[in-house]
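On the provided structure of chain A, position chains B and C as indicated by the hints.
Next come the chains, spelled out residue by residue.
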Amino acid sequence: MKIKPTSLKEIAAIIQAKFIGNESHIITGFNEIHRVETGDVVFVDHPKYYDKALSSAATTIIINKEVDCPAGKALILHPEPFTAFNTLTRHFNPLSYSNANISPTAKIGNNVTIMPGCFIGNNVIIGDNTVLHPNVVIYDQCEIGSNVIIHANTTIGSHAFYFKKRSDAFEQLQTVGRVLIKDHVHIGSNCTIDKGVTSDTIIGKGSILDNQVHVGHDTTIGEMCLFAAQVGIAGACTIGNKVTMWGQVGISSGITIEDGAVILAQSGLGENVSAGQTYFGTPAGKAKEKMRELFATKQLPDLIKKLYDKND
Amino acid sequence: MKIKPTSLKEIAAIIQAKFIGNESHIITGFNEIHRVETGDVVFVDHPKYYDKALSSAATTIIINKEVDCPAGKALILHPEPFTAFNTLTRHFNPLSYSNANISPTAKIGNNVTIMPGCFIGNNVIIGDNTVLHPNVVIYDQCEIGSNVIIHANTTIGSHAFYFKKRSDAFEQLQTVGRVLIKDHVHIGSNCTIDKGVTSDTIIGKGSILDNQVHVGHDTTIGEMCLFAAQVGIAGACTIGNKVTMWGQVGISSGITIEDGAVILAQSGLGENVSAGQTYFGTPAGKAKEKMRELFATKQLPDLIKKLYDKND
Amino acid sequence: MKIKPTSLKEIAAIIQAKFIGNESHIITGFNEIHRVETGDVVFVDHPKYYDKALSSAATTIIINKEVDCPAGKALILHPEPFTAFNTLTRHFNPLSYSNANISPTAKIGNNVTIMPGCFIGNNVIIGDNTVLHPNVVIYDQCEIGSNVIIHANTTIGSHAFYFKKRSDAFEQLQTVGRVLIKDHVHIGSNCTIDKGVTSDTIIGKGSILDNQVHVGHDTTIGEMCLFAAQVGIAGACTIGNKVTMWGQVGISSGITIEDGAVILAQSGLGENVSAGQTYFGTPAGKAKEKMRELFATKQLPDLIKKLYDKND
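Protein chains in written order, with our numbering: chain A, -18 to 293; chain B, -18 to 293; chain C, -18 to 293.
Chain A with its partners taken away, still in its complex shape (with noise of 0.2 Å):
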């Protein structure tokens, strides 16, 4: 999430926090650790992940604990960094709830179809020839490009599930970021795509989705995927060009897969494809190796009973 240029003194006085740094120290956005860049605020919270933070593309870094401030860097202090965070986002962004089928502040393009019953957020862009069939949501500020289907009672932009835990409650931290879906993508019925938390959730150019597929936050997707149904990937994934998954694949947060590879049907992925593999299984593995596993798994009951039989 990026604002216009605003000083230390500024933002630290809005969470009226000390600071360390200059307090004409410039600051024009806001991110989540990894998504951050340079003129970036990030928050840290827990001395494990304090070097991480510190040493980030982030120039600004809200933390509970006063620490040596890098070069070049400005600290807010603040004894909840997350709550903190959320406030500032929060003052940038509000939270607006358009009362509108068509938010009047919506950019749509030529030839656009909007089918009954759908929704388009506060300043939402969409581009030319884009249909919409009935009742699809697409929530404030994501934008959709030209040429892009999407089908009826699928969601565009709610918001990260990404939360965290206190002693009495879940913390949610607040959703700033974006969906952009480029030109030439099919999305099926039923899909949910999330918010970027801080930054953006992206369907690359090109890409087809079918029905009740599910994408995370900040996930990124190239161009020219094709996801069979009830496939759901978590956050902050990375996902090449190219890539196929078949129906009801499970991609845990975090993964990245390369171009070209394909996650066979099912399959429960917790690590990295490069580029070009086949993964199959739960959790997932290179498919040959799977299904020789498989394959020798047949043999086991009868080889069992050949051990037992022998020992006799």
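Hints should not be assumed to be uniformly reliable.
Note that the list lumps identical chains together, so a pair holds whenever it fits in one copy or between two copies.
Claimed, not checked - Listed next, the in silico DSS-like pairs over lysine-lysine satisfying Cα-Cα at most 30 Å (straight line):
(1) LYS269 <-> LYS286
(2) LYS33 <-> LYS145
(3) LYS267 <-> LYS146
(4) LYS286 <-> LYS(-1)
(5) LYS291 <-> LYS267
(6) LYS46 <-> LYS286
(7) LYS279 <-> LYS186
(8) LYS(-10) <-> LYS29
(9) LYS145 <-> LYS(-15)
(10) LYS269 <-> LYS163
(11) LYS291 <-> LYS279
(12) LYS279 <-> LYS267
Rather than coming from a laboratory, the hints here were simulated on the basis of the structure.
Frame of chain A, contents of chains B and C only:
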């Protein structure tokens, strides 16, 4: 499902049935066998379950055979107890189809946000500060707490998947229960939560459901649970507090999961889980044992090769 | 998809193609290869499938090479048969986007309940006593029987997941088929049932689908089937009567399942199942064999330990 106190004679007359017991014996509700309380009518149509029904908390039993009536209880004799029970529950809870987007009989709290395209059925109750994103559907009689967030295209209160197989058709047990969503619950987009058949489906305070989660009839979920996307929980489950389920987990009907248990991604659970345990696999077992099996299975192809080589 | 009888000459002119055969040869419809009948046009673009197309029931073949024309048939020559077929089917069945909630061309039976937020497309037919809960979407041309119940946020008639991979984009086979839902069917909330590509997707009389079930294009489901939540059935499957699938089952495309078969929860089925069989696992096999493998796998870690100890 509760009714105002009604006499056995009146109830039996509705379905033109004979009864055994005091005609002024009082009936205060209807429940299926797993949820019965004193005052309830239950039904039983198979000798295998006669004892269970007769000795349950229910004080009136619709039964298809003349048996000894337990002391202080009453029997209603009917050749088709299932159908008779349906007739009675629908008599007191007739199907209604509101044609308003928001029923005039719904009670909506203060500062509630109901976005476009939502449907709020008859007698629905919604607590303060709750947000319903676009196209959320809340069936009649359901209760949503305060500070609840429900994302787009989610369905709360569809009917129980509870059918009796007849020779030429399925007969549905009529759904006359409710869904109760407690305070501070978050529900993702395109989720489905079914009503209890005669009792309540409950999502406990502060629990978080990601997108495309399914919860079956009469399932009760405790406080501060966390369920990732595409989890499916069948009917009549009892889930404790602070239970975590990762993506695409499936839970069979009637399962009990105690506090703090963790069910790993894509597991299919068919047995009860005690407090604090971690389960994995299909069918799921203790994760530690399953990981040991997975590790062994990886060695199996080479083991088989070696054993056969030795025998050559 | 049927059309009024049209001459070969007229059809070929629409796509400016050469043809082989009698110019007055009659064409009465279009179908992809799995559904062809006499009078149909089919297309073929790969030598591997030439014989199959030429010897199929189709009496007109769009093909990308000049081959011998079978007796009584006709060929249409086109460098891109897939694209030519799309052009022709869309010519006779142009995309239309109704902007009415309930199209004036829909034929609605007696005593039908259509709750708020539903979309009923052009030429949809709905039988007597059917209930559509809120926000159900029925695409153009679909037919819903009598005494059908469809729960909230379900999508009937989204387009087939059937794409041809070109070097720089996927080209979709245009969907010109229908969904036929027969009498007394129950469909849960947030289900998705795709149209047939050129033919029909059929849900047989009295079948019951729980929530979040997906049914792909051209799949035909018999009578009195019972599918639990989150089942996903790919395209072009043939499923008999009284088939049961428990939660989260996945069925690959083109599979045949005969009457009375049972597929246990979370199974992933990639082979045909004969009548009355019970299947389990991913990939699914006969449940009895799979249970034997599971039992053996449980013993495997100790077996390996023993074998290695012996060799020490």
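Hint-by-hint comparison with the structure:
1. Taking the shortest alpha-carbon separations for LYS269 and LYS286, both the intra-copy value of 27 Å and the inter-copy value of 16 Å come in at or below 30 Å.
2. For the homomeric pair LYS33 and LYS145, the shortest alpha-carbon distance inside one copy (19 Å) is at most 30 Å, but the shortest distance between copies (45 Å) is not.
3. In this homomeric assembly, LYS267 and LYS146 come within 30 Å of each other (Cα to Cα) only across copies, at 24 Å, whereas the closest approach inside a single copy is 35 Å.
4. Taking CA atoms no more than 30 Å apart as the test, LYS286 paired with LYS(-1) passes in neither setting, with 72 Å inside one copy and 60 Å between copies.
5. For a Cα distance limit of 30 Å, the shortest separation of LYS291 from LYS267 across copies, 28 Å, qualifies, whereas the shortest one inside one copy, 35 Å, does not.
6. With identical chains, the CA atoms of LYS46 and LYS286 are never at most 30 Å apart, being 63 Å at best within one copy and 50 Å at best between copies.
7. Neither within a single protomer nor between protomers do LYS279 and LYS186 lie at most 30 Å apart by alpha-carbon distance, with minima of 42 Å and 38 Å respectively.
8. Proximity of LYS(-10) and LYS29 under a CA criterion of 30 Å is satisfied intra-copy only: 28 Å inside one chain copy versus 71 Å between copies.
9. Taking the shortest Cα distances, LYS145 and LYS(-15) sit within 30 Å of each other inside one copy (28 Å), while across copies they are farther apart (45 Å).
10. For a Cα distance limit of 30 Å, the shortest separation of LYS269 from LYS163 qualifies neither inside one copy, at 34 Å, nor across copies, at 43 Å.
11. In this homomeric assembly, LYS291 and LYS279 come within 30 Å of each other (Cα to Cα) both inside a single copy, at 20 Å, and across copies, at 20 Å.
12. Proximity of LYS279 and LYS267 under a CA criterion of 30 Å is satisfied in both settings, with 19 Å inside one chain copy and 12 Å between copies.
Of the hints listed earlier, those the structure fails to meet are numbers 4, 6, 7, 10, in rising order.
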